[in-house]
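*Asks:* Below are the chains, spelled out letter by letter.
Protein chains: 2
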Amino acid sequence: MDTDPATPADSDERPDDPGSDRSLEDAYDALLDRCRRWNAVSSASGVLSWDQQVMMPEGGTPARSKQLSALSSLEHDLLTAEETGDLLEEIDERSGDHAADRSDDRGETLSAEQAAVVREIRRPYERADAVPRDLVEEISEASSEALSVWERARADDDFDAFAPHLERLVELKREYAEHVDPDRDPYAVLFEAYEPCLPIERAEAILEELRGTLVPLIDAIRESDVDLAVDTFEGTFPEERQEDLAREALDLLGYDFERGRLDVSAHPFTAGNQFDCRITTRFDESDPLSAVGSTIHEFGHARYTHGLPREHFGTPLGDSRDLSVHESQSRLFENHVGRSRAFWERFLPTFREHFPDASDATVEDAYEAVNQVHPDNRIRVEADELTYHLHVLVRFEIERDLVRGDLDVADVPERWNEGYEEYLGIRPENDAEGCLQDVHWSHGNFGYFPTYSLGSVMAAQLYAAAEAEIDAGEGPDLDARVAAGDFEALHEWLHENVHRHGARYETDELVRRATGEPLSAAAFTDYVESKYGELYDVSP
Amino acid sequence: MDTDPATPADSDERPDDPGSDRSLEDAYDALLDRCRRWNAVSSASGVLSWDQQVMMPEGGTPARSKQLSALSSLEHDLLTAEETGDLLEEIDERSGDHAADRSDDRGETLSAEQAAVVREIRRPYERADAVPRDLVEEISEASSEALSVWERARADDDFDAFAPHLERLVELKREYAEHVDPDRDPYAVLFEAYEPCLPIERAEAILEELRGTLVPLIDAIRESDVDLAVDTFEGTFPEERQEDLAREALDLLGYDFERGRLDVSAHPFTAGNQFDCRITTRFDESDPLSAVGSTIHEFGHARYTHGLPREHFGTPLGDSRDLSVHESQSRLFENHVGRSRAFWERFLPTFREHFPDASDATVEDAYEAVNQVHPDNRIRVEADELTYHLHVLVRFEIERDLVRGDLDVADVPERWNEGYEEYLGIRPENDAEGCLQDVHWSHGNFGYFPTYSLGSVMAAQLYAAAEAEIDAGEGPDLDARVAAGDFEALHEWLHENVHRHGARYETDELVRRATGEPLSAAAFTDYVESKYGELYDVSP
Chain A
25 MDTDPATPAD SDERPDDPGS DRSLEDAYDA LLDRCRRWNA VSSASGVLSW DQQVMMPEGG
85 TPARSKQLSA LSSLEHDLLT AEETGDLLEE IDERSGDHAA DRSDDRGETL SAEQAAVVRE
145 IRRPYERADA VPRDLVEEIS EASSEALSVW ERARADDDFD AFAPHLERLV ELKREYAEHV
205 DPDRDPYAVL FEAYEPCLPI ERAEAILEEL RGTLVPLIDA IRESDVDLAV DTFEGTFPEE
265 RQEDLAREAL DLLGYDFERG RLDVSAHPFT AGNQFDCRIT TRFDESDPLS AVGSTIHEFG
325 HARYTHGLPR EHFGTPLGDS RDLSVHESQS RLFENHVGRS RAFWERFLPT FREHFPDASD
385 ATVEDAYEAV NQVHPDNRIR VEADELTYHL HVLVRFEIER DLVRGDLDVA DVPERWNEGY
445 EEYLGIRPEN DAEGCLQDVH WSHGNFGYFP TYSLGSVMAA QLYAAAEAEI DAGEGPDLDA
505 RVAAGDFEAL HEWLHENVHR HGARYETDEL VRRATGEPLS AAAFTDYVES KYGELYDVSP
Chain B
25 MDTDPATPAD SDERPDDPGS DRSLEDAYDA LLDRCRRWNA VSSASGVLSW DQQVMMPEGG
85 TPARSKQLSA LSSLEHDLLT AEETGDLLEE IDERSGDHAA DRSDDRGETL SAEQAAVVRE
145 IRRPYERADA VPRDLVEEIS EASSEALSVW ERARADDDFD AFAPHLERLV ELKREYAEHV
205 DPDRDPYAVL FEAYEPCLPI ERAEAILEEL RGTLVPLIDA IRESDVDLAV DTFEGTFPEE
265 RQEDLAREAL DLLGYDFERG RLDVSAHPFT AGNQFDCRIT TRFDESDPLS AVGSTIHEFG
325 HARYTHGLPR EHFGTPLGDS RDLSVHESQS RLFENHVGRS RAFWERFLPT FREHFPDASD
385 ATVEDAYEAV NQVHPDNRIR VEADELTYHL HVLVRFEIER DLVRGDLDVA DVPERWNEGY
445 EEYLGIRPEN DAEGCLQDVH WSHGNFGYFP TYSLGSVMAA QLYAAAEAEI DAGEGPDLDA
505 RVAAGDFEAL HEWLHENVHR HGARYETDEL VRRATGEPLS AAAFTDYVES KYGELYDVSP
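Sequences listed follow chains A and B, in order. Take 25 as the starting number for the first sequence in this note's numbering and just add one per residue. Take 25 as the starting number for the second sequence in this note's numbering and just add one per residue.
Please keep in mind that the hints were generated in silico from the structure rather than gathered at the bench. Do not take every clue at face value.
You can't tell identical chains apart in this list, so a pair holds if it fits in one copy or across any two.
As the list claims (entries may be wrong) - The calculated lysine to aspartate or glutamate pairs, modelled on EDC-like cross-linking and capped at a C-alpha distance of 16 Å, are: (1) Lys555 to Asp408; (2) Lys90 to Glu335; (3) Lys90 to Glu457; (4) Lys90 to Glu445; (5) Lys90 to Glu453; (6) Lys555 to Glu392; (7) Lys90 to Asp57; (8) Lys555 to Asp205; (9) Lys90 to Asp308; (10) Lys90 to Glu165; (11) Lys90 to Glu491; (12) Lys90 to Asp75; (13) Lys90 to Glu520; (14) Lys555 to Glu132; (15) Lys555 to Glu309.
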């Protein structure tokens, strides 16, 4: 950010410049107005992206690309406009440490909430302002090229074809990080695009802890004689009935269809805002539990979004905290609710209504089926609750070392295969099901993967705290409520402690206020060791 | 438009200002770039509107309004930016009559096509530039208020509740017209928003001619003993089968589903661009012919949009001519194809496949059923091919007189009822089914209604010309082709003569090039007198 205060000469040229007559409150309101504008554009882009993935006919791509790129450039212009910087500067001067030094200090201050809003606006402004527009466009073009090369390379199992594009993206992203802060670890800077409020060292320590817990636990499971495969959930389960079942699950959990929709897309996702947040899912006719799990996962995202304060739409108080917090909400419902015995006590009769062939399935059957661990699976998006994090760990280590310059692109396949060997005891058969399996790097999204695991860790910590508080209160305990299909207390706890705050608190502060502790892997470790220890008859 | 040429001082402040080094070609390219940007925003808004009417859950309105209003204001900013005016000025000076007077004239000229593009960009720029932004926002707020009052007023049959809002909108729109041109008939100025290339006098003369033809023809039909009601098409026709049938009709006509979709909405409409143009329809279980007709109508719109040159997306050469030309394409298919014997020769077997109860229907039955005239119908959107235009005529006369100050809002209901009495021999039972039936005036859209009739008139003229040319060529005549389900020659003719030109020619020029004559009601008169004379056994 340009830290020079606006000069009078500058001011004369801007019709809406306040001069010195504007109060701090007015400057704050003006900043908020601008923020609402770029967020309206950003949420409009979100509608276009949803449409592109769910509704758009194939031929629509050329027009859609132009629409999205025009909106993205307008959003960038609104965010980085000189006026944004001037307002931030003005607010900073009047309310911050500078104020005391100024002769015209009026003793104005921002409330803690307003200060949080300014902090959350300043962060993306400074980042966008620091990076030259040409570089942003170069990255966007390079990724769009890389994406189509990656699609072919994966189909042809041809890493060499993708390698130069990956190399280029690593270079461009390093350059990007250098513009943001030349003195810091570039991977840390890139990670902050997705997780701005959690230092990379904290994230790395949590991932280390996960590895320490999960590698031996999964080893033990591999050695265990227990087999959780359940025949009842194998066969053919027609798509329409699966969709009906997914809707039943959403109704049971309390998804608000008046502010959302359920559709089908190639990759399940959730998109929208507090007024209109939509879920997608997909169906595999041979695996009815997969769509249930994925729908419940997306429900968690949507419930968070629906719970953001409506009156703050378009401002940080009405926006979600970052990726790990969002993922915590989806993982909480997917794993702690949807993979619990209690949930299946309530939901199995519904499942059997839709699939009478499964009429002899027991709650224990369902519980075992949704909690099977597959250490031999090589594909992240098909991974179970435990091995998932080792898939993430391999990717995290590779992308971190690439960005830090400690790994050559040419060595990625071997490093990938070694990582799988080391953590999961398997090797991919080829690069298509190895280091070419995920789309993220072809978007240049280095630093994204860790947020998946951080979200699971946070989910365990939040669920434990919710459970403790609900169980200590009056009425049935949380497990009994879930078994009765009563999610009210859980929703209330999440709303009170997470959703209603928007981006008011930084991540650790949010978690600390909700659970009494900063984010750590402790609750997750307890949860998986106890659950899977029992299921597979192994001790940690 | 500000007609002062850019001063050097102005130029210094704009980083992309050409100074005097920019060639005419460069200035033209820069203008086109800007135009593509505002059109990308405008077409993005189109996606949001489609979504709102087809997909959006009810709760989404507050966010959607903010998104649409942000985009509309950005589009306006891009269109009216100083740079747009400067570029138009620069191009005008270098290529126009001014050029000869300038010492630095480089003898550059625009091609006829480029000149057309500049003309089509200048027109909306000058209009937007002439009207103060505050007034635009005032109109937008007043209409949004009027819209919700109108909804209640119609439900309650309470014109008095709506009257002050209508009054306000008339005033604001008169003010708008005054800004655009204080010396001209304000209704003519408003009409130009929808139909910029056809003088209101021409439009009015055509509407007069329609009245002269249709009032006696409908009188004669009312007196005729012929009854075209066909029992076969009465009963219950399930919605899903109607949808299958609508898709069959679209397939038969050649709708490109890879660049479009068919969905259901409260009011059928078509929206999109040459890469992605979508149709909606609606189903009435008691009337299967209505959805067929409405789907064919929308097909005509979509076929036009799909036929616009892809390489010119976002510029006038890739955009459609105005409302009457668009409506000519929908009416051509709805009336001249979909209401013909030939079409039903091909389509009736398909209809009977989907509705076996209608298996004894003959082509003549279908032809009569789709061409019934209902002089006692009071609702425009339910009107037949003939009475439709008298509904339009009543509205046209009222809105014209309101805007010109020749009619008071308080007198609208009486004037409406008199108009219906005079033209159709009926009186609405109340204002809800009278002057409150249409949404247009609550949007402040004065000048829109005539384009519906102009479109039908143009459709008849274009179809007659296409038929003459195809019939004069080799192979079967057009009627035989339609009966065989072969629309290739018709599509080619329309593409060659209408679609591929985008907004290259002004309306009359387009029609003249296509048909050899400027737009007139002659072909329409011939068509309806011959067709309905035969059907109802009446002579004009």
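*Asks:* For each hint, tell me whether it holds in the structure or not.
*Replies:* Status of the hints after comparison with the structure:
1. In this homomeric assembly, lysine 555 and aspartate 408 come within 16 Å of each other (Cα to Cα) only inside a single copy, at 13 Å, whereas the closest approach across copies is 70 Å.
2. For the homomeric pair lysine 90 and glutamate 335, the shortest alpha-carbon distance between copies (13 Å) is at most 16 Å, but the shortest distance inside one copy (32 Å) is not.
3. For the homomeric pair lysine 90 and glutamate 457, neither the shortest alpha-carbon distance inside one copy (33 Å) nor that between copies (44 Å) is at most 16 Å.
4. In this assembly of identical chains, lysine 90 and glutamate 445 lie within 16 Å of each other by CA distance neither inside one copy nor across copies; the values are 44 Å within and 52 Å between.
5. Proximity of lysine 90 to glutamate 453 under the C-alpha cut-off of 16 Å is found in neither arrangement, the shortest distances being 39 Å within a copy and 51 Å between copies.
6. Taking the shortest Cα distances, lysine 555 and glutamate 392 sit within 16 Å of each other inside one copy (11 Å), while across copies they are farther apart (73 Å).
7. Taking the shortest Cα distances, lysine 90 and aspartate 57 sit within 16 Å of each other only across copies (12 Å), while inside one copy they are farther apart (26 Å).
8. Taking the closest pair of Cα atoms, lysine 555 and aspartate 205 never come within 16 Å of each other, the shortest separation being 43 Å inside a single copy and 77 Å across copies.
9. In this assembly of identical chains, lysine 90 and aspartate 308 lie within 16 Å of each other by CA distance neither inside one copy nor across copies; the values are 34 Å within and 38 Å between.
10. Proximity of lysine 90 and glutamate 165 under a CA criterion of 16 Å is satisfied intra-copy only: 13 Å inside one chain copy versus 30 Å between copies.
11. Proximity of lysine 90 to glutamate 491 under the C-alpha cut-off of 16 Å is found in neither arrangement, the shortest distances being 48 Å within a copy and 39 Å between copies.
12. With identical chains, the CA atoms of lysine 90 and aspartate 75 are at most 16 Å apart within one copy only, with a shortest distance of 15 Å there and 18 Å across copies.
13. Within a single copy, lysine 90 and glutamate 520 get their C-alpha atoms no closer than 41 Å, and across copies no closer than 27 Å, so neither meets the 16 Å cut-off.
14. Taking the closest pair of Cα atoms, lysine 555 and glutamate 132 never come within 16 Å of each other, the shortest separation being 54 Å inside a single copy and 80 Å across copies.
15. Taking CA atoms no more than 16 Å apart as the test, lysine 555 paired with glutamate 309 passes in neither setting, with 28 Å inside one copy and 55 Å between copies.
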